[in-house]
Each structure stands twice: as C-alpha cells, then as structure tokens.
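Protein chains in written order, with the working numbering: chain A, 1 to 500; chain B, 1 to 500.
Read the hints as simulated data drawn from the structure, not as lab findings.
The reader is advised that the hints may include incorrect statements.
[Stated by the list, open to error] Here are the simulated distance ranges between beta carbons:
hint : chain 1 : residue 1 : chain 2 : residue 2 : range
1    : B       : Ser42     : A       : Arg403    : 38 to 46 angstroms
2    : B       : Asn114    : A       : Asn153    : 30 to 38 angstroms
3    : A       : Arg403    : B       : Asn232    : 52 to 60 angstroms
4    : A       : Gln46     : B       : Arg117    : 36 to 44 angstroms
[As the list claims (entries may be wrong)] Below, a list of computed lysine-lysine pairs in the DSSO-like style, where the Cα atoms sit at most 30 angstroms apart:
hint : chain 1 : residue 1 : chain 2 : residue 2
5    : A       : Lys8      : B       : Lys415
6    : A       : Lys382    : B       : Lys145
7    : A       : Lys404    : A       : Lys305
8    : A       : Lys56     : B       : Lys145
Note that the Cβ used here is the ideal one computed from N, Cα and C, for glycine as well.
2 protein chains.
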Amino acid sequence: MILIKIDKDSSQPLYLQISEQIQLMIEDGRLKQGDTLPSSRSLSTQLEMNRTTITKAYENLWAMGYTESQSGSYTRIRGRELLCSMTSGESGGSSLDWTGRITPSCSRMIEKMNEVRIPPVDGDLINLSSLSPDSAYWPLEDFKKCITQAAFNGDDYLFSYGDPAGYLPLRKNLAEYLRTHQIRTSADEIIITSGSQSAIDLVFRSLLKEGDVIITENPTYGYLIPLLQYYNCRIESIEITEEGMNLDALEHVLKTVKPALIYTMPNFQNPTGITTSQDHRERLLSICERQKIPLIEDGFVEELKYTGKTILPIKSMDKKGMVIYLGTFSKVLFPGLRTGWIAAPKEYIEKLSTIKNSSELCGNNLTQAAFSNFLSSGLFEKYVRKIHGRYKNKMSIAMGAARKYLHFEHLNYTKPSGGYTFWVSIRNVNYDEQHLIRAIEDAGVSVSPGSKYFVQSSEDLHFRISIAMADAADIEKAIEIIGGVVAGLPRCEEGNNVPG
Amino acid sequence: MILIKIDKDSSQPLYLQISEQIQLMIEDGRLKQGDTLPSSRSLSTQLEMNRTTITKAYENLWAMGYTESQSGSYTRIRGRELLCSMTSGESGGSSLDWTGRITPSCSRMIEKMNEVRIPPVDGDLINLSSLSPDSAYWPLEDFKKCITQAAFNGDDYLFSYGDPAGYLPLRKNLAEYLRTHQIRTSADEIIITSGSQSAIDLVFRSLLKEGDVIITENPTYGYLIPLLQYYNCRIESIEITEEGMNLDALEHVLKTVKPALIYTMPNFQNPTGITTSQDHRERLLSICERQKIPLIEDGFVEELKYTGKTILPIKSMDKKGMVIYLGTFSKVLFPGLRTGWIAAPKEYIEKLSTIKNSSELCGNNLTQAAFSNFLSSGLFEKYVRKIHGRYKNKMSIAMGAARKYLHFEHLNYTKPSGGYTFWVSIRNVNYDEQHLIRAIEDAGVSVSPGSKYFVQSSEDLHFRISIAMADAADIEKAIEIIGGVVAGLPRCEEGNNVPG
Chain A
1 MILIKIDKDS
11 SQPLYLQISE
21 QIQLMIEDGR
31 LKQGDTLPSS
41 RSLSTQLEMN
51 RTTITKAYEN
61 LWAMGYTESQ
71 SGSYTRIRGR
81 ELLCSMTSGE
91 SGGSSLDWTG
101 RITPSCSRMI
111 EKMNEVRIPP
121 VDGDLINLSS
131 LSPDSAYWPL
141 EDFKKCITQA
151 AFNGDDYLFS
161 YGDPAGYLPL
171 RKNLAEYLRT
181 HQIRTSADEI
191 IITSGSQSAI
201 DLVFRSLLKE
211 GDVIITENPT
221 YGYLIPLLQY
231 YNCRIESIEI
241 TEEGMNLDAL
251 EHVLKTVKPA
261 LIYTMPNFQN
271 PTGITTSQDH
281 RERLLSICER
291 QKIPLIEDGF
301 VEELKYTGKT
311 ILPIKSMDKK
321 GMVIYLGTFS
331 KVLFPGLRTG
341 WIAAPKEYIE
351 KLSTIKNSSE
361 LCGNNLTQAA
371 FSNFLSSGLF
381 EKYVRKIHGR
391 YKNKMSIAMG
401 AARKYLHFEH
411 LNYTKPSGGY
421 TFWVSIRNVN
431 YDEQHLIRAI
441 EDAGVSVSPG
451 SKYFVQSSED
461 LHFRISIAMA
471 DAADIEKAIE
481 IIGGVVAGLP
491 RCEEGNNVPG
Chain B
1 MILIKIDKDS
11 SQPLYLQISE
21 QIQLMIEDGR
31 LKQGDTLPSS
41 RSLSTQLEMN
51 RTTITKAYEN
61 LWAMGYTESQ
71 SGSYTRIRGR
81 ELLCSMTSGE
91 SGGSSLDWTG
101 RITPSCSRMI
111 EKMNEVRIPP
121 VDGDLINLSS
131 LSPDSAYWPL
141 EDFKKCITQA
151 AFNGDDYLFS
161 YGDPAGYLPL
171 RKNLAEYLRT
181 HQIRTSADEI
191 IITSGSQSAI
201 DLVFRSLLKE
211 GDVIITENPT
221 YGYLIPLLQY
231 YNCRIESIEI
241 TEEGMNLDAL
251 EHVLKTVKPA
261 LIYTMPNFQN
271 PTGITTSQDH
281 RERLLSICER
291 QKIPLIEDGF
301 VEELKYTGKT
311 ILPIKSMDKK
321 GMVIYLGTFS
331 KVLFPGLRTG
341 WIAAPKEYIE
351 KLSTIKNSSE
361 LCGNNLTQAA
371 FSNFLSSGLF
381 EKYVRKIHGR
391 YKNKMSIAMG
401 AARKYLHFEH
411 LNYTKPSGGY
421 TFWVSIRNVN
431 YDEQHLIRAI
441 EDAGVSVSPG
451 SKYFVQSSED
461 LHFRISIAMA
471 DAADIEKAIE
481 IIGGVVAGLP
491 RCEEGNNVPG
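Excised from the complex, chain A in its bound form:
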C-alpha cells in the first residue's frame, strides 16, 4: 500500500498528481528497483477514483522510464541508475557551470549591459529618464483597426514564412514615406528589422571583424557599447560639440585609424539633443566618400523637428551609396511591436537579407502588414502631425523651465531643435554622478546618468533629460526640483575639478 494525497481542487490533473507523487517516492528511495506498484484496480479503489485515471498515471510513469512494462502491466519499478535523481546532491541547480560556458565576448557584453541598462523608473518619480514615446498619445484605436484589417482581410500569407527582407507592401510604403524626407529609395533597397537595435546588430554582424574600429560621437547611444564588446571591436569616439561630431577631430583621427564604420545621429542626437547643419552633413558625407567609410545614419526621430528650417537626412544626399540609414517605429509609435528598417544600397540589402534569413528566417508578417496599413491609410502622417505639436510643447516647457531653474554658472545644457532629450553638464563640483542622480531621485525626479552614454569618461558630471514620457504638467515642476538639488549641492573652489 502506498500513500498518495489527492487535491481535487488543484488545477493539476489528477493523473499527474498521482504520477508525480510516485516519481518522488522513486527518487527519494521509498520505492526501489524491482518494487511493484499496486494494481490500477486496487489503487483506484483505495483513492476512490476512476481506474482510467490510474492507468493514465501509470502510463506516464512508464513513458518517463520509471517503470517497466511486462505483459501489459506497468507496475514494476525500473532501474534508472544512469539518471541522477532530483534529490541526490547538486542542490536542485544545474550541474553545469552555465555562466562559465558563456563565451568571453558575450560575458564582456553582459557585464557592459548591466552598466548601461536603464532600470525601470519608480512609478512615484517624475520620469525624465525614459526615451520611450508617451503612451498617452498612442493612436491605439486606429492602429488596432490596421491590425484587424491585416488579420481579417489579409490572406494566409501573413501567417506563413515571409520574405526575409520584410513584407513587400510595407517596404514599398516606407520607400514612399522616405521621399517625404527626400530620401529616394525603393523597396529592394529596404530591409525590415525587429526595431533599430536589431538593425544595428545586423549591420555589425555583416561588417565588423574582431579588432575593427567604429567611430561614434562621444557621448553616444549607450546600447552600442555592449554590442561592440560582443563583436570585439573598439570604439574610437569623437567629441560632440554644439555643431555635432567635431569633424576636424574626425579628420585628424582618420589619419591614423581606418574605421569599418562611422555611426552618427544627425538629428537630436541621443543623449545630447544636438542637431547638425546642412554643411556639417555634407562635410561628414564627403569625408566618408573620400575615405570609403560606410556611414550609419540613425534617423530615430526624424519626424520631430520643432524649430529651425528643415534639414534633410544625410541619406537624401547619398549619391555614392555610402549611407546605411536606420529608421524605426519604436520611438514615435509602439516600441513593443519591434519594427524598424534599414535603407541602403540594394547590393548590401541583399546580403543583409540572407544574413537575417540564416539567423531568424524572416520577420513578423502580421505586424509588418499592420504598419503597412497604418502608413498607406495616411494614419501615420496624421498621428505624427498630432504628436509633433504635443512634444514641441513639452520641449518648450522644458526649455522655459531650464532658463528659469537651471541658471547656474557651473551648469550648461543643450537647446535641442527637436526630439526628446537635452543634456545637462555640471563642472567644478564636489560630488560624483551617483550622488547627484540619487539626490535628484530623492527629490522625486528620475533622470538618466550621463556615464551610460560615454565611451571615454568625462571629467564633468552629466545627465540626460527626456521629455518623452513625463506629463507636460509635471515637466516644469521636475526641472525646478532638479535646479533646487543642484543649488543645494556643494561646489568646488574655482579650478579644483573633482573627476566625476
């Protein structure tokens, strides 16, 4: 007779309850090789249970190798000496050192990820940290219509393996859309990716060999840094001024360094918010042309220029096919639907398409079709017009508050002409970044620590302010709070910089 406890209210099926309890008895030695289980008839009587339930439990035990089947019965406990039992040693964890098995490049990357990752923002704080579009503005009803339209009126193709380059109508609509930014391209010069990050990974995978150098602005997009650790590549970073990447410094560096790629964000650079001029873009492109260096242009919020004349993407001037242009729906629409794109010369897009095919077969057709509908119906344009005014208003509130509350001799901030972020720099102070960020948090505001964006660390302290997610009503208050924190913290004697 064996003791089995049945819980009829449990969501776990009865046969599994029986089977698991017997397994446990075998594993902890209460039942041994050669022992016999009660017949299904007697156990069903004992447990007051249907006999087929017992049979199902016994079949399970057999299938898992716990019992031997002999002349139609499954009741004899089998030797499982080859397998380790759950309770014998190994303390329940794995006996493999998985962490030790991770490759050195992935381990370095993981370590770096833990440094640059922006933790979720405490809900009680005013969020000037996240660079994710304001969900209050999302055109959910319109977009849901595009999803159902794709799911219900589309054909089965959307549920099948698709083109590795992405859903063709979306690529066509994107080519059309890019013309509004004067980028003349066609569907076969575009590949759809799972957001910008996977676009960057795809470009790196295709073009970076171990030991290669890539040039970026300093500071730059933080998530580049761990990825380049993975590819065993070195970042050579060039100071960014109010005009953008310092091109004299770039030309100087190029005398000795032959980079595999240059990465730039000409509009509202993340984190600084700086936008480059037409002349700057022409000069950067011509440097790349002369030196034959592919240029990644990350146009992550191309749509959100608030002030000043339109300045066109570098890609729009790219007659020689030097530019790998990255676009995404994640920074104005839905990050969770992971849809971005690369526009580049056809020859290169074809290679990327095969590489994508080898590593993930294809993308998510249904989501791509929904975005395609959203573009072709004019809803995207309508949405961008709507949010443009709202974000512009938030940024103008932020700039007004900064003029009022961030007016310190030892503090500078950038004045972006669009996008979501601006950049605060503090010098000659007696405290470090962690202290500053914590003091601001303690006062009720979350900002993003500058060190997450630096390739080469800076002597000054910095943080990024993002107006993306905060309510317009909270922004002025939050910046007033930051000003109060900065005013209350000690400064050094003139000329006594403390490294941050």
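Use these hints to put chain B onto chain A, whose structure you have.
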C-alpha cells in the same frame, strides 16, 4: 525660363515633381552654380499653379543644399562640388564595394545559405518539399480572436518595450503546457524567441567560440550548417541509424573531440523522420551528463506522434540541467508570427535574456500575448487534437503509397512514427542527385534534395518527402509518380556505386 512638366494625375505631390525636375537639371548640368531660378511668382504663373506650391518646392531644394538662401529668396544654385552627382560615373550603383566589405564569416555563411536554402515550390507541382504546416488547417478565426482580444482588451503594456525574456503570461502558459510533455519548468526557465532559428542563433551566440565543435546527426537540419559557418565552428556529424544518432560512434568521437554542444532532434528527426527510444534518450543524456556537454533538444513537432507509445522529451528527464530545449509554434501553427521558446536552467536563461536585450531589446509583445491567449483558452490543445488526426492520415496514406510504389531492391525509406517527413535513400544508380530531383520535378512533384541536409556527403542518393503541405488526395498520386521516375532511371551493375 525653365521647362517643367507637371502630371496632375500622379500620386507624387506637385511640389515634389517640381523640385525633382530642378534637381535633375542641376545634376545633369543644365543649371549651374550661380544660376538663378525664376521667382516663385513667375514660375507659378508659367505653370498655372498656386504660388505656395512653388515656394514649397524651392524650400525643398534649399533644404537639400541645391540652392542658397539669400535675403529670403532661395533661387540661387549653390555649389555642391563636395557631392557627386548621380550621373557622373559610378554607373548609378554604389561606389563602395559592399560585397567585399562583408566579413569573411558572413560571406562563407551567405554562400552556404545559397546551397541549403529550399527555393519556393512551383505552384504547379505537388509539394512534398516544404516543411511548413498546412495552411488549410489553420485556426485563423480562433487565432484572430486571440489577437483582437490581446489588442483591444490588453493594456498599453503590449505596445511598450517588454521583458527581454518575453511576455510573462505566455512564459507561464508555456511552462504549464510543457507539463503535458512531462517537462517540469517555470516561467523563469523560459525565454521567448522569434522562432526556433533565432533560438538556435541565440544559443550559438552565447556558447560558441571560434574553432569550437558541435555534434549533430548526419544528415541534420540544413539551416544549422550556414549558421555554424558564421560562428567559425566545425560540425562533427554522427551517422543516424533507424535508432537515432549512433551512440557508440558518438562515444568513440568523444574520446578525442570535446564539443561545445550536441544538437539532436529525438522526435521525427528532420530530415529522416527517425524517432529515438526511451533507452536511447537516457543513454544520450547520461553521456552528456558524464562529459558535461550541453545538449540542445529540438522538439520542433513534439505534438505529432502518430503511432507507438508516448516517449517523453529528454528535457523531462533532465535532472542535472544539461538540456536546452527548443520549442516553436512555427511548425504546427503560424510560421509568419515568429514565436518559439527555449526552456533551460534559470541561470542560463538569464544570460540569454541579457544577450537578447543587447541585440534586439525585446520581442513582439502583441504576438506573444495572442499566443498566450490561444494557449490559456485551450484553443491550442483543441487545434492540436484536430490536426493530429489529419496529419496522421496523410502520413498513413504516404506510407501505404510507399509500400506500393517505392518497392525497389535499391531503395530504402524510413517509416516515421510521427511528424511530417520521411527519407528516401537510393543506391547503385547511374545518375546524380540533381538529375533525380529534376526528373521528379519534370514528372510533377517537388521533393527536397538530400544534399541540403548533409554535413558529410553521402555516396548514396537521398531526398526528403514531407507530407506537411500536400493535400491528402495528392499524396498517393505523387508517390506513385516518384516510383515511376525511380523505376525509369538506369541502375548500375551490382557493386558499381557511382558517388552521388
């Protein structure tokens, strides 16, 4: 006066038509640096057009750097000597050698992809080639309800950045579902991926260093081969017999080779359709335990066992945490929604989650929520019950036809107990694989050439037959046709093998 042709019926905005024609004139030299465009007033009169349209066209030209703005006018053609014109040399293509820039490992991989890729099947042929579920069985209406339920009743979270490990309710539902295969796991031991291929890529990325060896069955899943070229790893392949990977041969190889991974498909192996026994699984697992080798178990159609007793996944016996179990919705449900998963020890899943975070931030929340609803509502179970009978019927028709029409002394075929594929081997013939495949196609049937699955080539000829997509009604006819082709092709004299 300049000549501009306007097409009022074109979908291209009027201002763009004007702006592009002027650009062209500048590029081909009809307009030169210092030339002046007509005033917007005079051009608007000439073209019988609203003046604001002309102004917009001129603003565009300025924004692209074609004209200079002086005291409010944009009409003077600017020097663009830094930029190359579209028509000067370079034959319209890129002046960068993009193909030459692709890294050697990606180039090798692309080359191999072109070998293993299965081209789309001509619609006139009976398709015994594709390993993609039959769309005729798809529960589109049920699934669309799950999508709209997720999109309309879910919260905004689904459209935001999500957990890199995947949507938590889906992971919980998968853990529950895996219990039906006796795999005891929890949400934090699961990561959601964009299908199985990206799961494999993620595992390779995390564990494979250049020069590492991975052990697979020979033949094996074709798309592994190019991916391993990318990782600069070597496949050591072990012959598969009717019992599965030859474990004696494996133990022999392990005396001299220390592989980073072993990859196996214990159920209905792709391409051979072979299923291993309980004993085989225990022995393979115990080899991995003794030698501390992580084991990838690809459970791609775990659900489709037709005959014989249930045999459980190796993962269900994995007390020591050696097994990386791969599952996917692509092979029974929708390939186009790219949803698969990895079940493995928590410590390892956490690393994979950070790696995924670094290379694509997160997955597609909305799709994951739809699958989660599909699982939790019991619709997946209902669907699997339905298709199980249908595919079983197709396989039994195929096996019946094979007994009748593939009965040759020089031909063997496997007899799968589940899944979609079986494997045909032909020896002692006087023709090569290409000739055979073409002859079968000319007769109206598409099968998958065996060489796409071989790591080490085989002397015999092989092809894979898949019953996944063909109509039940066509399968017998198709196999009769194949039998006819084989009968009509020349054989060698006994003992005169011609290498395939």
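Results of checking the hints against the structure:
1. B:Ser42 <-> A:Arg403: 38 to 46 angstroms: 44 angstroms, holds
2. B:Asn114 <-> A:Asn153: 30 to 38 angstroms: Holds - the Cβ-Cβ distance for Asn114 of chain B and Asn153 of chain A, about 35 angstroms, lies within 30 to 38 angstroms.
3. A:Arg403 <-> B:Asn232: 52 to 60 angstroms: At 56 angstroms between Cβs, range holds.
4. A:Gln46 <-> B:Arg117: 36 to 44 angstroms: Roughly 59 angstroms apart at Cβ, these two residues miss the hinted range, so it is violated.
5. A:Lys8 <-> B:Lys415: 42 angstroms, violated
6. A:Lys382 <-> B:Lys145: 28 angstroms, holds
7. A:Lys404 <-> A:Lys305: 23 angstroms, holds
8. A:Lys56 <-> B:Lys145: 33 angstroms, violated
The structure fails to meet hints 4, 5 and 8 from the earlier list, while all remaining hints are met.
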